[in-house]
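Generate coordinates for the entire structure from the input sequences, incorporating the hints supplied.
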Amino acid sequence: MNLGQRAKRAPKWWGDTTSDIPLFARAKLVRNLKGYNFPLKASDDELEEVCEIITYAIEHSKKLKEFTTFRGEELSPEDRNFLWERFLISKTFIDSPKGKLVAISPDEDVSVVVNDRDHLVIQSFANGLNIREAYHKANEIAKILGLEYTYLEEWGHLTSSPLEVGTGLRVAITLHLPALVLLRQYNFTVETLTPQGFIFHNLWGTGTTGYIFVVTNALTWAFREEIITPFEYLANALIKQENKAREVMNTHLADILEDKVTRSWGLLKYARLLSEEETWTYISGIRMGISMGLIFSAKELPRFTNLLLITRHSHLEKRTGRKLQQHIAEKERAELVRSFINGMEAGS
Amino acid sequence: MELGCSTCYETFGQFIKNLLVRTPWQKEAPPKGAEIRDEEPDKHLQLYRLKRKLQELLDKEAYEEAAKIRDKIREIENELRAKGQKGT
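Just so you know, the protein sequences line up as chains C and Z, in that order. The numbering used here numbers the first residue of the first sequence as 1136 and each following residue consecutively. The numbering used here numbers the first residue of the second sequence as 32 and each following residue consecutively.
SDA-like cross-link-like pairs, simulated, lysine to any residue; straight-line CA separation at most 20 angstroms:
1. K1226(C) x L1338(C)
2. K58(Z) x E1360(C)
3. K1169(C) x R68(Z)
4. K103(Z) x Y1191(C)
5. K1458(C) x E1220(C)
6. K1197(C) x Y79(Z)
7. K84(Z) x D1180(C)
8. K1233(C) x S1211(C)
9. K1434(C) x W1400(C)
10. K1197(C) x E110(Z)
11. K1169(C) x S37(Z)
12. K63(Z) x Y40(Z)
13. K1200(C) x Y79(Z)
14. K1198(C) x A113(Z)
15. K1147(C) x E1268(C)
16. K1197(C) x R112(Z)
17. K1169(C) x R80(Z)
18. K1198(C) x E110(Z)
19. K1198(C) x Y79(Z)
20. K1272(C) x D1242(C)
21. K1466(C) x G1401(C)
Taking CB as the label site, the calculated pair distances span:
22. E92(Z) x D1180(C): 22 to 32 angstroms
23. R1398(C) x T54(Z): 39 to 49 angstroms
24. I104(Z) x K1143(C): 44 to 54 angstroms
25. E1187(C) x E92(Z): 22 to 32 angstroms
26. T38(Z) x R1398(C): 57 to 67 angstroms
Covered stretches of chain C, as calculated for chain Z (at least 3 residues, CB under 8 angstroms):
27. 1173-1179
28. 1185-1191
29. 1274-1288
30. 1326-1334
31. 1355-1364
For the record, the hints were derived by calculation from the structure and aren't laboratory data. Remember, predicted model here, so these are calculated numbers, not experimental data. Quick reminder that beta carbons are idealized off the backbone N, C-alpha and C, glycines included.
Structure follows, in structure tokens:
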């Protein structure tokens, strides 16, 4: 797999074509092999054996044969950062790659990570709000691998973190909620929903930077339907609230809204240096504007969604093929965005 | 908090249960293992171990035992092939 080529476009599951609010759904299954200590306590030999067993299982199943496998040690820090930006590996994998392994599907919609915090973490992604599709893909991989997982009748599947015991299933939806933040409704929403067993965090950065948020389930020791079904209601409720907030802005604060959208466009078009945070904020403004019919036509939406991912730091490094200092990266980013917008305006 | 192995769940069971608070809209009791599990435990791990054992036996030149293991491997491989899980 050529990482440089991949840096030029986002994977297929990234973004929804019809709306700017839902971005993608993710399902994560955590499993450990029977008869081995969890990675935290396991010796190097044990980790090696777990790696061998899972590699063997991947190589010997028809469906998983096409997966690209990387050993942690083989990947450079830049490669690991790049895979992390694409949500395929975790932060701990970047910091300590030794004895770990990652297998990635050709479409990048499934990743299997070995010996991270647990022996096996299967992640799967789907467009928009397709939580069930993501879950079924992950579950299918767990079945196809055909390994015997450590399991107790009382608990279900055992995991190194007790917060993931039972189903070992974490599902997540990613939503773009700028109007809720701008009308100061977001914190209230989080405070209401956190005691109900949902965890909110920012997709990138801290606080409300970029206005893109991930909601996951706090409890995994629950019936599967108890985990998945609430998300379908929750997603619809949040989208409804966001749309309502946009309506309110459109009616009462039209000048502020319009300024936000056009200012974003102007800055993206003319800025010579763009930091990551700035780029997310401005693209967010434009995506909201497109959805509300204020700027550009709806068919441009996926292109801006794509731009969100390919302007990240490691993506720029892979694209240019060299290591970039902060300042140079900001320049490259601004150039990329500018050429993209100019190309788009010339085309339309 | 991270645990080291499955025995931890037996030793610290009660402590862990206190951590996992269920919300009012969920069923009162958490599910049992059988209600969660849907992957059937399968044969790749077993197959891998048998192949390693076969190699060991061949190195030791214990051909009689090796033949038994080889038959067992074939049996499992055929079973997997029937399920369409094995490529060859």
